[in-house]
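K.L.:
Those sequence lines, one after another, are chains A and B. full-length UniProt numbering puts the first sequence at residues 1 to 538. full-length UniProt numbering puts the second sequence at residues 1 to 317.
Since the hints were derived computationally from the structure, they do not count as laboratory data. All residues carry an ideal CB built from backbone N, CA and C; glycine is no exception. Some clues are possibly wrong.
Heads up, incomplete: computed chain A residues facing chain B, CB under 8 Å, no partners named [as the list claims (entries may be wrong)]: (1) PRO129; (2) VAL136; (3) THR141; (4) PRO191; (5) ASN192; (6) GLU194; (7) TRP197; (8) ALA199; (9) ALA249; (10) ALA252; (11) GLY257; (12) ASN412; (13) ARG419; (14) GLN423; (15) LYS453; (16) PRO457.
Result set (EDC-like, lysine to aspartate or glutamate): computed pairs, CA atoms no more than 20 Å apart in a straight line [unchecked claim]: (17) B/LYS53 / A/GLU127; (18) B/LYS71 / A/GLU127; (19) A/LYS104 / A/ASP114; (20) A/LYS352 / A/ASP410; (21) A/LYS352 / A/GLU500; (22) A/LYS151 / A/ASP102; (23) B/LYS53 / A/ASP125; (24) A/LYS453 / B/ASP46; (25) B/LYS59 / B/ASP33; (26) A/LYS453 / B/ASP33; (27) A/LYS104 / A/GLU84; (28) A/LYS302 / A/GLU361; (29) A/LYS104 / A/ASP154; (30) A/LYS104 / A/GLU203; (31) B/LYS53 / A/GLU194; (32) A/LYS373 / A/GLU317; (33) A/LYS302 / A/ASP467; (34) A/LYS352 / A/GLU391.
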Amino acid sequence: MSFRRLLLAAAITAPLAAAPILAQAQGTIRIGMTAADIPLTHGQPDQGFEGNRFTGIPLYDGLTAWDLSAADKPSSVIPGLATEWRVDEADKTRWIFRLRPDVKFHDGSDFNADAVVWNVRKVLDREAPHYDPRQVGLTATRMPTLRRAEKIDDLTVALFTSEPDSFLPINLTNLFMASPAQWERHRAAQPNAEAAWNAFAREPSGTGPFRLTRFVARERVEMARNDAYWGTKAKAERIVLLPIPEANARTAALLSGQVDWIEAPAPDAVPQLRSRSMTITQNLQPHVWPWQPCFVGDSPLKDVRVRRALNLAIDREGMKQLLNGFMVAPVGTVAPGHPWWGNPSFQIRTDKAEARRLLAEAGYGPQRPLNLKVQISASGSGQMQPLPMNEFLQQDLKSVGVNVEFDVVDWNTLFTNWRQGCQAASARGAHATNVSFAAMDPFFAMVRFWDSKMAPPASNNWGHFNDPRFDQMIREARSTFDPAARDAALAKLHAAGVDEALFIWIAHDVAPRAMSPRIKGYVQPQSWFVDLRLPFIQ
Amino acid sequence: MILYLLRRVLYAVPIALAVGFVCFMLVQIAPGDPINAIVPPDAPADVVEQVRKDYGLDKPLPVQFGLWLSKVVVGDLGRSLATGRPVWADLQTAIANTLTLAFAASMLGFVLGCVLGGLAGTFRGSAIDRGAVGLAVAGVSVPHYWLGMVMVVIFSVQLNWLPAMGAGPGGSSDWAWNWEHMKHLILPMVTLSVIPMGIVTRTVRGIVAETMNQEFVTALRGKGLTRWHIFLHVVKNAAPNALAVMGLQLGYLMGGSILVETVFSWPGTGLLLNSAIFQRDLPVLQGTILVLAMFFVALNLVVDLVQTALDPRIKRA
Chain A
1 MSFRRLLLAA AITAPLAAAP ILAQAQGTIR IGMTAADIPL THGQPDQGFE
51 GNRFTGIPLY DGLTAWDLSA ADKPSSVIPG LATEWRVDEA DKTRWIFRLR
101 PDVKFHDGSD FNADAVVWNV RKVLDREAPH YDPRQVGLTA TRMPTLRRAE
151 KIDDLTVALF TSEPDSFLPI NLTNLFMASP AQWERHRAAQ PNAEAAWNAF
201 AREPSGTGPF RLTRFVARER VEMARNDAYW GTKAKAERIV LLPIPEANAR
251 TAALLSGQVD WIEAPAPDAV PQLRSRSMTI TQNLQPHVWP WQPCFVGDSP
301 LKDVRVRRAL NLAIDREGMK QLLNGFMVAP VGTVAPGHPW WGNPSFQIRT
351 DKAEARRLLA EAGYGPQRPL NLKVQISASG SGQMQPLPMN EFLQQDLKSV
401 GVNVEFDVVD WNTLFTNWRQ GCQAASARGA HATNVSFAAM DPFFAMVRFW
451 DSKMAPPASN NWGHFNDPRF DQMIREARST FDPAARDAAL AKLHAAGVDE
501 ALFIWIAHDV APRAMSPRIK GYVQPQSWFV DLRLPFIQ
Chain B
1 MILYLLRRVL YAVPIALAVG FVCFMLVQIA PGDPINAIVP PDAPADVVEQ
51 VRKDYGLDKP LPVQFGLWLS KVVVGDLGRS LATGRPVWAD LQTAIANTLT
101 LAFAASMLGF VLGCVLGGLA GTFRGSAIDR GAVGLAVAGV SVPHYWLGMV
151 MVVIFSVQLN WLPAMGAGPG GSSDWAWNWE HMKHLILPMV TLSVIPMGIV
201 TRTVRGIVAE TMNQEFVTAL RGKGLTRWHI FLHVVKNAAP NALAVMGLQL
251 GYLMGGSILV ETVFSWPGTG LLLNSAIFQR DLPVLQGTIL VLAMFFVALN
301 LVVDLVQTAL DPRIKRA
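Whenever a hint applies, use it, and build me the whole structure from the sequences.
P.N.:
In structure tokens:
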């Protein structure tokens with residue numbers, strides 16, 4: 001056979017030989033996560049919201065869920081395993097949830113009111129045989145007022161809160177329903193509840209659109225489509241999750257074809273990724289990268305004019321260039337168009353002349369420069385690129401006569417200090433702290449920072465902000481149960497917070513992702529989460 | 001010899017205690033809070049305190065250390081704060097993966113080091129010597145994580161010859177010595193081998209050069225032995241010292257590949273330590289360091305014994 005014929009034969013047979021491989025790969029999406037380990041799979045993931053994104057929502061459902069179907073509007077809460085809910089008019093701490101009928105866990109057992117009560121008890125009832133302290137820390141924090149659940153009938157359940165709290169349906173997106181039957185099976189073979197939960201994590205059972213098929217600790221998780229899913233079924237047949245904490249390693253894995261999708265590509269690799277036809281996606285995320293002021297002691301940030309001046313002095317477009325376009329300039333904790341926006345009168349923008357005027361009015365100028373100390377971290381989850389971003393701010397604020405000094409601490413330390421407040425020794429005299437945060441629900445977006453009861457050690461009111469007007473607005477929002485009226489009350493609160501410049505709002509993250517052009521159907525919502533039912537491999 | 005062995009094994013006990021104690025205290029005095037491995041940073045204080053109590057992290061430090069120690073002596077390294085999995089289970093797979101990588105890298109580094117060092121020592125002052133020494137200096141000077149990234153860019157991203165990360169197409173749990181898995185090993189192995197290669201080259205070169213100057217080599221030449229036979233005598237004399245250096249290098253590789261394992265997402269002890277450090281996962285950190293320290297002690301003992309076997313002049317009383 002001549003070389004030419006050999007080549008021809010190879011050309012004809014190569015696609016045939018490759019066909020089974022292609023067929024096998026069809027519908028399998030391999031995702032490189034930023035996490036260093038597989039997020040917990042027992043139903044209450046760790047690793048922050050990346051955990052909820054990849055081993056929470058795909059495997060489990062909550063009573064309520066996020067609408068992740070659209071990119072052009074903020075994600076809102078929609079029915080999940082509950083089809084409807086209302087507060088008891090006679091007792092505003094009692095909620096009635098009607099459950100979705102004919103839903104089964106991956107193990108075939110029924111989802112019903114007993115399962116809801118069981119799942120509430122797993123994190124709130126220390127006497128429950130399946131109580132799991134590990135899940136408490138990951139869940140109870142995100143639904144701070146929920147106390148217990150009571151079965152009314154098979155498809156109706158009552159949930160009780162410690163005080164009237166209209167935020168409960170939003171908080172419940174964080175409580176995932178695990179299968180009691182599957183856990184009992186594991187418990188029968190294990191010496192104690194802790195071991196049963198560990199076994200459950202290896203062979204979990206939820207009601208989600210994917211079921212776990214393979215778990216290799218620290219290395220990979222494989223999930224297959226749940227063809228018996230109660231809602232819209234996933235298009236992809238399989239999802240493979242790989243923890244790749246190092247940004248360059250993730251990028252290389254995508255470029256070499258080992259994965260199809262990576263979270264947070266290395267920013268300086270984006271041009272190369274684009275040149276190789278990779279799709280770079282981003283969207284506004286309910287994430288805030290701020291300086292959180294200290295409102296007590298000798299902090300110059302007690303003065304609203306100074307806080308407004310700083311908000312006006314920042315060149316956010318310049319920072320966006322620094323970040324290769326991967327940020328959105330904030331005008332508050334939420335963006336215009338969000339139900340909680342509220343149209344504040346103070347407009348956050350870049351206006352250095354006005355910033356100088358406000359600083360002069362507050363008594364600062366060339367003769368008496370404003371000296372600020374800010375506690376920051378060198379890295380950290382959700383912190384974007386804290387060092388270059390803060391150094392940019394330092395240079396930028398110099399132009400309006402503000403001298404910024406940084407106290408750089410480890411990320412874990414910054415978090416620990418966040419709970420201790422600006423008057424604690426751990427703050428080391430800082431006038432602001434730089435901890436980014438998720439702003440998906442009202443408690444985490446506003447209440448924990450602006451409610452005087454949330455001052456350390458209760459929660460994250462690091463700056464000891466204390467204004468009875470805000471306490472009253474928060475009480476009103478929490479006790480307004482009509483969703484539209486509740487959102488209006490939250491909008492009033494948000495507008496007041498912006499008018500008082502209660503943060504120095506610097507950036508919103510945009511959750512950059514890079515993916516192979518073979519991935520189709522992907523939607524990046526304005527959320528920390530994505531709907532893995534939508535994308536597929538073409 | 002038995003007494004010597006017993007004594008060495010007994011020495012390991014205070015070493016283990018000291019390693020465990022130092023590691024425990026280092027984590028305690030480091031900034032941050034181990035509770036952050038379990039609860040999110042925005043957790044309210046009451047939840048934090050409840051979880052702290054549930055995990056016994058509210059107890060005094062000596063009590064915490066004592067509790068940990070009492071479990072370790074019966075072979076229980078505890079459970080990870082972050083994942084709840086038994087530390088020993090994760091550690092076993094991580095050690096197996098690191099051993100695979102460390103042995104492969106050591107073998108490559110040692111063989112190259114012995115060859116280059118032997119040649120350089122034999123042909124002192126020649127171009128071969130200068131070339132080998134140059135390679136050795138480069139090997140110990142180039143940051144291996146940087147070398148790893150450069151090799152990934154060349155062989156994975158540009159040429160698409162070798163995978164950029166992982167320990168096999170389906171993870172390390174189904175590891176097999178076939179091409180599909182071994183191609184995942186090549187880049188981390190080469191990256192990790194450059195330092196032992198450099199060190200062994202320089203060591204062997206020095207020993208060979210020194211041995212070649214000894215009188216018995218002159219005597220051998222005088223007796224008319226061929227160059228090959230003389231070389232064998234030189235190797236035999238150089239082996240014990242070279243072996244000691246190689247043993248130490250293997251020990252370093254076992255615990256010292258955090259950066260390389262992170263760059264290549266190789267699921268070994270380095271990656272395990274890396275994530276444990278960032279998560280303040282105290283049981284994983286203590287368990288891993290303790291086991292690695294014991295491995296180092298055991299390896300030193302084995303090297304000493306092999307040295308004795310190779311060179312009867314080294315006596316163990």
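K.L.:
Compare the structure with each hint and give your call.
P.N.:
Against the structure, the hints:
1. PRO129: This interface hint is violated because 15 Å lies over the 8 Å limit.
2. VAL136: holds, 6 Å
3. THR141: With Cβ-Cβ at 4 Å, under 8 Å, it holds.
4. PRO191: Since the shortest Cβ distance to chain B is 12 Å, the answer is violated.
5. ASN192: violated, 11 Å
6. GLU194: Given a least distance of 7 Å, the restraint on A/GLU194 holds.
7. TRP197: Because about 7 Å separates A/TRP197 from the closest Cβ in chain B, which is inside the 8 Å limit, the hint holds.
8. ALA199: violated, 11 Å
9. ALA249: With a closest approach of 5 Å, the A/ALA249 hint holds.
10. ALA252: holds, 4 Å
11. GLY257: holds, 7 Å
12. ASN412: holds, 3 Å
13. ARG419: holds, 7 Å
14. GLN423: violated, 15 Å
15. LYS453: violated, 11 Å
16. PRO457: With a minimum Cβ separation of about 4 Å from chain B (threshold 8 Å), the hint on A/PRO457 holds.
17. B/LYS53 / A/GLU127: OK: B/LYS53 and A/GLU127 at ~15 Å, within 20 Å.
18. B/LYS71 / A/GLU127: Outside the cut-off at roughly 26 Å; violated.
19. A/LYS104 / A/ASP114: Holds: A/LYS104 and A/ASP114 sit about 13 Å apart, inside 20 Å.
20. A/LYS352 / A/ASP410: Given that 20 Å is the threshold and the Cα spacing comes to 32 Å, the pair is violated.
21. A/LYS352 / A/GLU500: holds, 19 Å
22. A/LYS151 / A/ASP102: Holds, at about 17 Å.
23. B/LYS53 / A/ASP125: holds, 15 Å
24. A/LYS453 / B/ASP46: holds, 13 Å
25. B/LYS59 / B/ASP33: holds, 14 Å
26. A/LYS453 / B/ASP33: Given pair A/LYS453, B/ASP33 is violated - Cα atoms ~24 Å apart, limit 20 Å.
27. A/LYS104 / A/GLU84: Given that 20 Å is the threshold and the Cα spacing comes to 19 Å, the pair holds.
28. A/LYS302 / A/GLU361: Within the cut-off at roughly 14 Å; holds.
29. A/LYS104 / A/ASP154: Holds - the C-alpha atoms of A/ASP154 and A/LYS104 are around 13 Å apart, at most 20 Å.
30. A/LYS104 / A/GLU203: holds, 16 Å
31. B/LYS53 / A/GLU194: holds, 16 Å
32. A/LYS373 / A/GLU317: violated, 24 Å
33. A/LYS302 / A/ASP467: Holds, at about 12 Å.
34. A/LYS352 / A/GLU391: Since the Cα atoms of A/LYS352 and A/GLU391 sit roughly 18 Å apart, the hinted pair holds (cutoff 20 Å).
Consistency note: the structure conflicts with the earlier hints numbered 1, 4, 5, 8, 14, 15, 18, 20, 26, 32.
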